[in-house]
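K.L.:
These are the residues of each chain, in order.
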Amino acid sequence: MSVLDSRRGGGNGNNDDLASLEAGLDALETHLDTRASRWRKLLSATWPPVLAIVGLLGVWELIYRSGVKPTYALPSPADVGLVLRDQLSDGTLLEAMGTSLTRGGLGFLAALAIGTPLGLLIARVRPIRRGIGPLVSGLQSLPSIAWVPAAIIFFGIGDAAIYAVVLLGATPSIANGMVSGIDQIPPLYQRVGKVLGARGLSAARHVLLPAALPGYVGGLRQGWAFSWRSLMAAELIVHSPELGQGLGQLLDFGRSNNDMSLVFAGILGILVVGIAVELCVFAPLERRVLRRRGLLVARS
Amino acid sequence: MTVLEEQRVTRSTGAVSLRGLTKRFGDGPNVLEDVSLDVAEGEFVCLLGASGCGKSTLLNLVAGLDRPSAGSVHVPGGRAALMFQEPALLPWLTATQNVELALRLRGVGKSERRVRSNELLELVRLSGAGGKRVHELSGGMRQRVAMARALAQDSHVLLMDEPFAALDAITRDVLHEELVRIRESQQLTVLFVTHNVREAVRLGDRVVLLSSRPGRVAKEYPVGIAHPRRIESPEVARLSVEITDDLRTEIRRHGAH
Numbered sequence: 004m005s006v007l008d009s010r011r012g013g014g015n016g017n018n019d020d021l022a023s024l025e026a027g028l029d030a031l032e033t034h035l036d037t038r039a040s041r042w043r044k045l046l047s048a049t050w051p052p053v054l055a056i057v058g059l060l061g062v063w064e065l066i067y068r069s070g071v072k073p074t075y076a077l078p079s080p081a082d083v084g085l086v087l088r089d090q091l092s093d094g095t096l097l098e099a100m101g102t103s104l105t106r107g108g109l110g111f112l113a114a115l116a117i118g119t120p121l122g123l124l125i126a127r128v129r130p131i132r133r134g135i136g137p138l139v140s141g142l143q144s145l146p147s148i149a150w151v152p153a154a155i156i157f158f159g160i161g162d163a164a165i166y167a168v169v170l171l172g173a174t175p176s177i178a179n180g181m182v183s184g185i186d187q188i189p190p191l192y193q194r195v196g197k198v199l200g201a202r203g204l205s206a207a208r209h210v211l212l213p214a215a216l217p218g219y220v221g222g223l224r225q226g227w228a229f230s231w232r233s234l235m236a237a238e239l240i241v242h243s244p245e246l247g248q249g250l251g252q253l254l255d256f257g258r259s260n261n262d263m264s265l266v267f268a269g270i271l272g273i274l275v276v277g278i279a280v281e282l283c284v285f286a287p288l289e290r291r292v293l294r295r296r297g298l299l300v301a302r303s
Numbered sequence: 047m048t049v050l051e052e053q054r055v056t057r058s059t060g061a062v063s064l065r066g067l068t069k070r071f072g073d074g075p076n077v078l079e080d081v082s083l084d085v086a087e088g089e090f091v092c093l094l095g096a097s098g099c100g101k102s103t104l105l106n107l108v109a110g111l112d113r114p115s116a117g118s119v120h121v122p123g124g125r126a127a128l129m130f131q132e133p134a135l136l137p138w139l140t141a142t143q144n145v146e147l148a149l150r151l152r153g154v155g156k157s158e159r160r161v162r163s164n165e166l167l168e169l170v171r172l173s174g175a176g177g178k179r180v181h182e183l184s185g186g187m188r189q190r191v192a193m194a195r196a197l198a199q200d201s202h203v204l205l206m207d208e209p210f211a212a213l214d215a216i217t218r219d220v221l222h223e224e225l226v227r228i229r230e231s232q233q234l235t236v237l238f239v240t241h242n243v244r245e246a247v248r249l250g251d252r253v254v255l256l257s258s259r260p261g262r263v264a265k266e267y268p269v270g271i272a273h274p275r276r277i278e279s280p281e282v283a284r285l286s287v288e289i290t291d292d293l294r295t296e297i298r299r300h301g302a303h
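Here the protein sequences come in this chain order: W and E.
Its first residue numbered 4, the first sequence is counted upward by one per residue in our numbering.
Its first residue numbered 47, the second sequence is counted upward by one per residue in our numbering.
Do not take every clue at face value.
From the derived model, a few chain E residues whose C-beta atoms are all more than 12 Å from chain W [claimed, not checked]:
| no. | residue |
| --- | --- |
| 1 | Gly-74 |
| 2 | Pro-122 |
| 3 | Glu-132 |
| 4 | Gly-153 |
| 5 | Lys-265 |
| 6 | Glu-296 |
| 7 | Ile-297 |
| 8 | Gly-301 |
Capping the alpha-carbon separation at 20 Å, the derived lysine to aspartate or glutamate pairs in EDC-like fashion look like this [claimed, not checked]:
| no. | chain 1 | residue 1 | chain 2 | residue 2 |
| --- | --- | --- | --- | --- |
| 9 | E | Lys-178 | W | Glu-32 |
| 10 | W | Lys-197 | E | Glu-132 |
| 11 | E | Lys-265 | E | Glu-230 |
Keep in mind that the hints were calculated from the coordinates and are not lab data.
Quantities reported herein were computed from a predicted structural model and do not represent experimental measurements.
Backbone N, C-alpha and C fix where the C-beta goes; we use that ideal spot for every residue, glycine too.
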């Protein structure tokens, strides 16, 4: 016998009435999903930044033509474009971007591996929270360039020093993201878990971690930004012929040759990598997490 | 009284029995004091009271979420299922997954989970909405998913903490009817907390009025009205007036000193 069998005295007619009434209510209260087409959305998202960039280039060109600064200090957009083309065609810039991206990515992954369990411990173990919680949030506001001299003395000039700086820069953000993700879990979810019989590990797996995800993803995003900034600071200072040439080293090379166009090209490379990772990794990840939970408010 | 109700009363062995239940938090005053209550198997009991009568505390004790300061809670069927005022669905899961989580935490195997969760969603008439996420469901639909999830705990005792208080009147009315239907078909014992007198009379076989600060059993009312009932019916209104008068007397007592 199916669980659907109704044993009420009212009979089937009554039951059908209720079913259709309920179906009507559900239909009335369900929101219609209206989404603009993908292309239209892409188009409307693209033109404002393009317009802004064109405007910026125009202002730059005007300042260049007004002659307030000599050409070596402020090259024209066209000069920078030429250097950019050369750097791209001989592969220097792409190679530097690749080297930096690899370092940044590896450093970030290491920070992820350390920051995640650290955040869990701080959030869930009271003595640890009292002891090192404030220290970790404090470290977040320490500019990571301050670690560079210490890292050079400790590790010598080399990759180890660079990774140490990236790690120290990014780990606190990721740990703090985890902590705030867990702190923001509505107490109701934990009660529900308890009522449903979730204990210890199963509570962590089915309730605690998924509930903390939005805050944690925010922490990852910030952790990446910190990795990338720390890496640039480290690369600017830590360089030697044996080390691979990253974007920071390229910048320093441009500065020591008084080559403003190369410096600009390097800055552009740093920006492009930063924006690309944000757009291709973290923005979609965050959007997905928030959309699943209905936390993403559609903006027109 | 219908035939069914008579049967229920005659085969009653206690589904929930509370003896001298007392609860206080820390050094505070008693929130509940010496509450004794027997709920027969298959019975629908509504707990009614003003603010401060410890209704939610009582449910937490029965659900085993908290320990009594004195007295005993006995639920022979094992753990009771609990429904909150908010649907309290987990927003990262779909409706089906919310129901399945309850099954999974009970150790039900994967294929059986599928089957059982489909059955339960069908029972609350949401078969088509299983793949929806919580934010895509209306308030009434969410409470029905919550009901399906509570039933997935496979307990014959269902505790409900003002589950319809946040819903609009039309939806609440429909859910009353659903609850009565499901309770019949699943032969549930229900302990339902509310401060809506008519709701209590509309749903319950028995209404238990609690006093406030501390919460004690003040009076009990058997509801001898045959199902199907309507909240607007004169029989429901008549008993509601009687209970409301007693409730007001109880509330006035607190203003007197």
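K.L.:
Holds or violated: E/Lys-178 and W/Glu-32, Cα atoms, limit 20 Å.
P.N.:
holds, 14 Å
K.L.:
Can we trust that E/Glu-132 is non-interface, i.e. its beta-carbon lies farther than 12 Å from all of chain W?
P.N.:
Per Cβ check, E/Glu-132 is inside 12 Å of chain W; nearest 6 Å; violated.
K.L.:
Beyond 12 Å from every Cβ of chain W: is that where the Cβ of E/Gly-74 lies?
P.N.:
holds, 20 Å
K.L.:
Checking the smallest CB distance to chain W, is E/Glu-296 really beyond 12 Å?
P.N.:
E/Glu-296 clear of chain W: closest Cβ-Cβ about 29 Å, beyond 12 Å.
K.L.:
Checking a non-interface call: every C-beta of chain W should be farther than 12 Å from the C-beta of E/Gly-301. Is that right?
P.N.:
holds, 33 Å
K.L.:
Is it true that the CA of W/Lys-197 sits at most 20 Å from the CA of E/Glu-132?
P.N.:
Between W/Lys-197 and E/Glu-132 the Cα gap is close to 16 Å, so the pair holds against 20 Å.
K.L.:
Beyond 12 Å from every Cβ of chain W: is that where the Cβ of E/Gly-153 lies?
P.N.:
At roughly 9 Å from the nearest Cβ of chain W, E/Gly-153 sits no farther out than 12 Å, so the non-interface label is violated.
K.L.:
Within a Cα-Cα threshold of 20 Å, do E/Lys-265 and E/Glu-230 meet the stated pairing?
P.N.:
violated, 26 Å
K.L.:
Does the claim that E/Pro-122 lies off the interface hold, with its Cβ farther than 12 Å from every Cβ of chain W?
P.N.:
holds, 18 Å
K.L.:
Is the Cβ of E/Ile-297 more than 12 Å away from each Cβ in chain W?
P.N.:
holds, 29 Å
K.L.:
Regarding the assertion that E/Lys-265 does not contact chain W, is the least Cβ-Cβ distance greater than 12 Å?
P.N.:
Given a closest Cβ separation of 29 Å, the condition holds.
Violated hints, listed in ascending order, are 3, 4 and 11; each of the other numbered hints is respected by the structure.
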